[in-house]
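Undergrad: Take a look at the letters that make up each chain.
2 protein chains.
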Amino acid sequence: MRNDGETIELIERLARLVTNEGHAHGMKPAQWEALRFLARANRFSRTPGGLTAYLGLTKGTVSQTLMSLERAGLVEKTANPGDGRSVRLDLTEKGRALLPLDGMATIKQAFEALPLSLRASLGDGVAALVTSALAARSGRAFGICRDCRHFAADARGSGQHYCRLLKQPLEDAEAEQICQEQEAA
Amino acid sequence: MRNDGETIELIERLARLVTNEGHAHGMKPAQWEALRFLARANRFSRTPGGLTAYLGLTKGTVSQTLMSLERAGLVEKTANPGDGRSVRLDLTEKGRALLPLDGMATIKQAFEALPLSLRASLGDGVAALVTSALAARSGRAFGICRDCRHFAADARGSGQHYCRLLKQPLEDAEAEQICQEQEAA
DNA sequence: TCCGATGGTATTGAGTCGATACCATATTGG
DNA sequence: CCAATATGGTATCGACTCAATACCATCGGA
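Note that the protein sequences, when read in sequence, are chains A and B. Position one of the first sequence corresponds to residue 1 (our numbering), numbered consecutively onward. Position one of the second sequence corresponds to residue 1 (our numbering), numbered consecutively onward.
Hints were generated in silico from the structure; no laboratory data involved. Accuracy of the hints is not assured; some may be wrong.
To be verified - Covered stretches of chain B (in silico footprint by chain A; criterion: 3 or more residues with CB under 8 Å from a CB of chain A, positions within the stretch not fixed): (1) 3-12; (2) 16-30; (3) 100-108; (4) 127-136.
As the structure is a prediction and not an experimental result, all values here were calculated from the model. For every residue, glycine included, the Cβ atom is placed at its ideal position computed from N, Cα and C.
Generate the whole structure from the sequences, applying the supplied hints.
TA: So this is what it looks like as C-alpha cells:
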C-alpha cells in the first residue's frame, strides 16, 4: 500500500502539475494566480498588499507581477478613496474574459470526475494541510466572508449584510467573496 | 459546507505553499525538486531526460537547473557507459546532506498530524488527481519499481530481482526506487 | 507636529522557463 | 556499409519570478 512518504511525493508532483498548467495562453503561473485572486477577493482585499499576503511573497515581487498585468491590460489600478497610500485593483473586461481559459480547468475536471465521497475527504485533507501550513508561517486564511466571525447576516432579507470589523455594509454577492480579514466563526 | 470550487482553490493554495517552501537554504524550488528526484530515482532514470519527463518541463530548462546544481557541488555528472549521448546523474555527499533540510518537512509534519483515515483518503484523492492530470498531458507515472509489470521478484531470496523490460538485474534497494519506465502491474 | 508604521514602487542579481538552434552519438533502412 | 533520421544534451535569448534593499508618500498616534 501507499505509505506517508509516497503521499508526500504525490503532493509535490501535484504542486508541479498545477504550476505547469500556469503557462496557458502565454501567461505565467504567478500571473494566473493574481488573476484568480482578483476574481475572488472582495474590495477590502483586492490590493497589492492583499495579494502579497495571499501568495506569501514579498511586496516587491507582487508589485512587478501586477505591473506586467497592467501593461497587458488585464488589471486596472485606481486610487483608494480614504487612504492615499493604497491602490484598488480590478480586473478589466479583457482580464475577466481570460478567466475561463485557466489551465486549472484540467485539474478541475479531473477532480470532478472523482466519486463524491473521495472529493469530500480530499477537500477535508487539503483544507487541514493548508490550515496548518499557513499557521506555521503565520499566513492568513482568506476564507469566505459569510463564514467569518465579523459577518452579520441581514435578518430581514434586504440583501444588505454588515462587517462588524470594518464597519461596512456588504452586498449579497460580497458575502461569497474571500477576505483578507476573515476569521472562522 | 465546502463546494468543489473551494476545494480547487485550496489545491491552488497548497501548490503555492509547496512552491514557497522551495526557497529554504538559499536554493530554488526547481533545485529542490531535482534534488529530491535524484534521491528517489533508480539508475535508469537518473538522467537529464528522466528529470525532464518527471517535471514536465523542456530539456533546456532542466539542463540549466542541473548546471547550477553541478556548479554548487550538489550533483555529479558521469558519462553513461553504453550510450555516449547520455549522462548519469548522482547526488554528491554535499547534495545528500542537504536533503533533510528540505522545506517540504513542514508540509510533511502537517500531514503526519492528520488522523490515519484522513491521511489514507487524502492519499487516494491526490493519487487519482495526479494520475488523471498526468494522463491528460501524456506524462509518465514514475511509480515504484516493485509495483511494475516488468518487475520479476527474486523467488529464492538471493536479494537479486530482474527487470524484464531493460533485461537488467536489480538490487534489493533498487526495487523501492522510482523509475521512468514503470507501468502499474 | 514630529515619528514610526504602513502601502507601494524602483532596482539589482540569480534563477526559471519556453523556444530555437545546435552538436554528438545512436539507430534504422536501403 | 552508409546515408537519413531519431535521440540525449547543451547554448543562447528574452520575458518573467523572486528576495533583498532602498526608497517615497501617506497615515496615525503621542
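Undergrad: Are three or more residues of the region 100-108 of chain B within 8 Å, CB to CB, of chain A?
TA: Answer holds; 4 residues pass the 8 Å Cβ test.
Undergrad: At a Cβ distance under 8 Å, does chain A reach at least three residues of the region 127-136 of chain B?
TA: holds (count 8)
Undergrad: How does the region 3-12 of chain B fare against chain A when you require at least three residues with a CB closer than 8 Å, holds or violated?
TA: holds (count 8)
Undergrad: Mind checking, does the region 16-30 of chain B have 3 or more residues with a CB under 8 Å from chain A?
TA: holds (count 5)
Consistency with the previously given hints is maintained throughout, with no hint failing.
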